[in-house]
Amino acid sequence: MSKNHPALRLGQWTVMISMLFMLLAGCAAQSSGPQASDGQGFGQSSGAGESAEETGAGAKSLTLLFNFAASSLDPASDKKFISIRAGVTETLVKLDEKLGLQPWLATKWEQTDAKTWVFTIRDQVTFHDGSKLDAAAVKASLERGIAQSKSLAAALKVESIQADGQTLIVQTKEPNPVFPSELVYPFAAVINVKAQAAVSDAPVGTGPFAVKAFTPDAEVQLKRYDGYWNGAAKLAEATFKFNSDANARLLALQSEEADIVYHLPYESLSVVQSQPSVKVESVSSLRNHFLIYNMQQPHLQDLRVRQAVDALIDRNSIVQNIMQGHATVAVGPFHPQFSFHPQSEGAVYDPAKAKGLLAMAGWTADSGATGKLTKGGQPLTLKLVTYQGRPELPLIAQLIQAEAAKAGIGIEIQMVENPDEYLAEKTDWDLALYSSLTAPRGDAGYFLNSAYMPEGALTYGKANLPELTRLIEQLNITVDLAKRDELARQAVEVIQTQLPQSFIVHPNMGIGVNQRVINWKPGLEEYYLLTNTMDVK
Amino acid sequence: MLGLIGSRLLQMIVVGLFLTFATFVLMKLAPGDPVKTILNIDDVAVTQAEQEAVRQSLGLDQPLVVQYTEWFWRVVRLDLGESYITHRPVADLIESKLGATMTVTLGGLTVMLLIAVPLGILSAVYQNRWVDQLSRLFSLIGVSLPSFWLGLVLIYWFAYQWRLLPSMGNGGLMHLILPSVTLGIAMAGVYTRLLRSGLIKSLAEPYVRAARARGLGEVRVIIVHALREGVLPVVTMFGMSLGSLLGGSVVVEMLFAWPGLGKMVVDAIIQRDYPVIQGYVLCTGMLVVLINLGVDLTVRMLDPRLRWRS
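In order, the protein sequence lines correspond to chains A and B. Those letters in the first sequence? Residues 1 to 537, by our numbering. Those letters in the second sequence? Residues 1 to 310, by our numbering.
Keep in mind that the hints were calculated from the coordinates and are not lab data. We put the CB at the ideal spot given by N, CA and C, even for glycine. There's no promise every hint is true.
[Stated by the list, open to error] Distance condition first, Cα-Cα at most 30 angstroms in a straight line; then the derived DSSO-like pairs of lysine-lysine:
id, chain 1, residue 1, chain 2, residue 2
1, A, LYS80, A, LYS212
2, A, LYS212, A, LYS79
3, A, LYS483, A, LYS157
4, A, LYS462, A, LYS353
5, A, LYS80, A, LYS426
6, A, LYS108, A, LYS80
7, A, LYS521, A, LYS537
8, B, LYS28, A, LYS80
9, A, LYS173, A, LYS212
10, A, LYS462, B, LYS28
11, B, LYS201, A, LYS383
12, A, LYS234, A, LYS537
13, A, LYS426, B, LYS201
14, A, LYS355, A, LYS372
15, A, LYS79, B, LYS28
[Stated by the list, open to error] Covered stretches of chain B (chain A as the covering partner; in silico rule of three or more C-beta atoms under 8 angstroms from a C-beta of chain A):
id, stretch
16, 29 to 37
17, 41 to 49
18, 63 to 77
19, 168 to 177
[As the list claims (entries may be wrong)] Partial pick of chain B residues on the chain A-facing surface, computed with a CB cut under 7 angstroms:
id, residue
20, THR86
21, HIS87
22, ARG88
23, ILE155
All chains should be built: construct the whole structure from the sequences, respecting the hints.
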């Protein structure tokens, strides 16, 4: 046996192996040496490597870390909108801080008849390759986008486009009163289609930053475009990184490897706030977490049952205890910032009222000690479907389950992988806790059409509300903004009285920002992240 | 030898066919299709009719066999198609990710070998001494630690506390260290134990005693004689690890934002991006067959008994 012949002592082995490790460590240190010194390594102002020669030492740069990764930068296929978010491309129309429409690459627009829109394209704008932006370039870009993306085609409904100098005339297939607001959709971002580089790797846009290098699913390196029409960026360079792991993002903020970090986990925000070099921006988002009632289920067709469930949702407790204060109570589907948000009172948490409503609907506590509600011998048991994608949803589901149990309603929670497919195909569910951006481009039309029109893509609850359908049809042919607001407000009122869904909270986005970043504030729209005005100390 | 290679290449075709067909059927049995993603229903109000039109234009309304045959004939012409979502050619997508996956695979295996080989040899030579006990403990810990936790702890110390290494991205040797160590530590435990038991067995063989009797040094006896046989189970296992690592390691890729195959295919599965899933399954399936061929050839080289038999 070997242990009878240990020609080498244990100590000698140990020395040999540790020497081997030291040798290897030496190699690693050697090969990393030059990298670290040319700045290509890491650290808060990474990305300065090659540019140090181009733009001189001390060139200003920052790193933004985002939660979604993009495998292509093509604005017409990248669902993460990275080319807009990284300030590479721009759209004709943008959203301002108050979520109103603002001219961007277009200076003005008007509707000349039901299907015709005339846009004036901003003069003096150039693409990153120096070529001029005119109506012909916009036309080519939009036509390419529509051919590439059926999503953009469905949003714009374009029949034909004519270009003349800086004037762009668009004919739509059907009246599309929200056409300007649909142009905010990042898929409609304008690129130079004649550029040599592959659009998926380096789209040539008009934004303050041009793509220097793109590693799909890892990062985009950006450099300032000096000819930017709205004043060249203060930063010489920027890096837009992706990481889908929330804890890894948090550590990157704390280690100052990233200057701006999007979507920090709620429970970590107080920890981040205690670090002096960073601050937390908790910004309300356009998202809405809500409960969908399956209107195909007989017991939920009774409005009083839906009102009872609604009264059992303790929205303030959800904001305080589940979202740690980083959310606002939702009154209806739309964010209170919007002009079409009605001035109505929010739903009130009232278990006593819920019990009364259920009693009126014929649900009475059974004779046993369980306190469960029954009607005709059948217990009131509801199946609630939700998903893990947003970690707070299962917690909200549990809170609703606990409150419902106190009132005698049994709720069974089921987690599903793909809620869109499950809710569309299955009929066995009663409640679904879902989350949606209800007005992604500042107009109520998207959600109202998707969620309430019979042919919409988000009509999971299959509510049949003729009054609401009529209002939306009217909205779909109304151009005047004040009238649209009024119609949307009326639609929301119908939704609030008929309760096809119970809207719960608008979650905040938790964004960590290093103190050295100045002149930057995150917007509600989450579209325009890197800007020409942002700077670092 | 040539017969072995020939039969393996044939096997590769059979495996490729079977794998892709099975994946295709399973993906179709699972609910959902890519239409909602393509139309981006989270952002655009689309109608059922528009969804149906996309479904038809992609041929997703066709019978399963027709869809598979269509895909298959394109593959025969060396065309893996393009992603439904990004419109990138699938071959380009896989090619661009394979490099990153291979780098981190090699990094992980290197770290594993650096830990497992010395520890395995030491624990076999000093069986049941303190070094063996320590390595047993280490193996047990290494195998039990979930890699996302280990990765976070490594990021915490090396990137946050000591600021020695970058925590994410794929930018050079420094970026490779943390993902490699995370992967390596998780694998090292099993290999240490495997090497130890293989060596203990071969150290008891008569040829080892014969080598010692001829007066050879202990190091030579262990490295040249005993290790050659003791390493056989490790080589077989190594092939399996290599295969599974080349498929991508999702946890490590997510944590370190490492742009590899694992995350690519998970995204493709969530979005039901069939061409990407099929292309991935075909490529990794073939890679695994090739690796197994390599392992078999290596084992033959190391073990003369196998060569004599054939």
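Tested hints:
Distance check on the hinted pair: A/LYS80 and A/LYS212 sit about 19 angstroms apart at the alpha-carbon level, within 30 angstroms; holds. For a cut-off of 30 angstroms, the pair hint linking A/LYS212 to A/LYS79 stands: about 21 angstroms separates their Cα positions. Between A/LYS483 and A/LYS157, the direct Cα distance comes to roughly 22 angstroms. Compliance with the 30 angstroms bound is thereby established for this hinted pair. With a CA separation close to 26 angstroms, the supplied pair A/LYS462 and A/LYS353 stays within the 30 angstroms bound.
Note on A/LYS80 and A/LYS426: the hinted pairing holds, with a Cα-Cα distance of about 29 angstroms set against a maximum of 30 angstroms. Taking the CA atoms of A/LYS108 and A/LYS80, the gap is about 28 angstroms. The hint holds against a cut of 30 angstroms. Distance hint between A/LYS521 and A/LYS537 is fulfilled; the C-alpha atoms sit about 15 angstroms from each other, no more than 30 angstroms. Between B/LYS28 and A/LYS80 the alpha-carbon distance is near 26 angstroms, which keeps this suggested pair within the 30 angstroms criterion.
The hinted pair formed by A/LYS173 and A/LYS212 fails the criterion: a straight-line CA distance of about 39 angstroms is larger than 30 angstroms. As the CA atoms of A/LYS462 and B/LYS28 are separated by approximately 26 angstroms, the hinted pair is consistent with the 30 angstroms bound. At roughly 59 angstroms between alpha-carbon atoms, B/LYS201 and A/LYS383 are farther apart than 30 angstroms, so this suggested pair is violated. A threshold of 30 angstroms between alpha carbons decides the hint, and for A/LYS234 with A/LYS537 the separation of about 11 angstroms falls inside it, so the pair holds.
For the given pair, A/LYS426 sits about 58 angstroms from B/LYS201 by alpha-carbon distance, which is inconsistent with the 30 angstroms threshold. In summary, the hint linking A/LYS355 to A/LYS372 is supported, as the alpha carbons are separated by about 12 angstroms, within the 30 angstroms threshold. Under the criterion of a C-alpha separation no larger than 30 angstroms, the hint pairing A/LYS79 with B/LYS28 is consistent with the structure, at around 23 angstroms. Counting residues of the stretch 29 to 37 of chain B whose beta-carbon sits less than 8 angstroms from any beta-carbon of chain A gives 4, enough to reach three: the coverage restraint holds.
Taking a C-beta to C-beta cut-off of 8 angstroms, the stretch 41 to 49 of chain B contributes 9 residues in contact with chain A, enough for the three needed, and the coverage statement holds. Coverage of the stretch 63 to 77 of chain B by chain A is violated. Counting CB-CB distances below 8 angstroms, 0 residues qualify, and the rule asks for three or more. Given a C-beta distance limit of less than 8 angstroms, the hint that chain A covers the stretch 168 to 177 of chain B holds, as 9 residues qualify and 3 suffice. Interface restraint check: B/THR86 against chain A, minimum CB-CB distance 4 angstroms, threshold 7 angstroms, status holds.
With its C-beta approaching chain A no nearer than about 5 angstroms, B/HIS87 sits inside the 7 angstroms limit, and its interface hint holds. Annotation: interface hint on B/ARG88 holds; nearest CB of chain A at approximately 6 angstroms, less than 7 angstroms. The interface hint given for B/ILE155 is met, as the beta carbon of that residue sits about 5 angstroms from the closest beta carbon of chain A, less than 7 angstroms.
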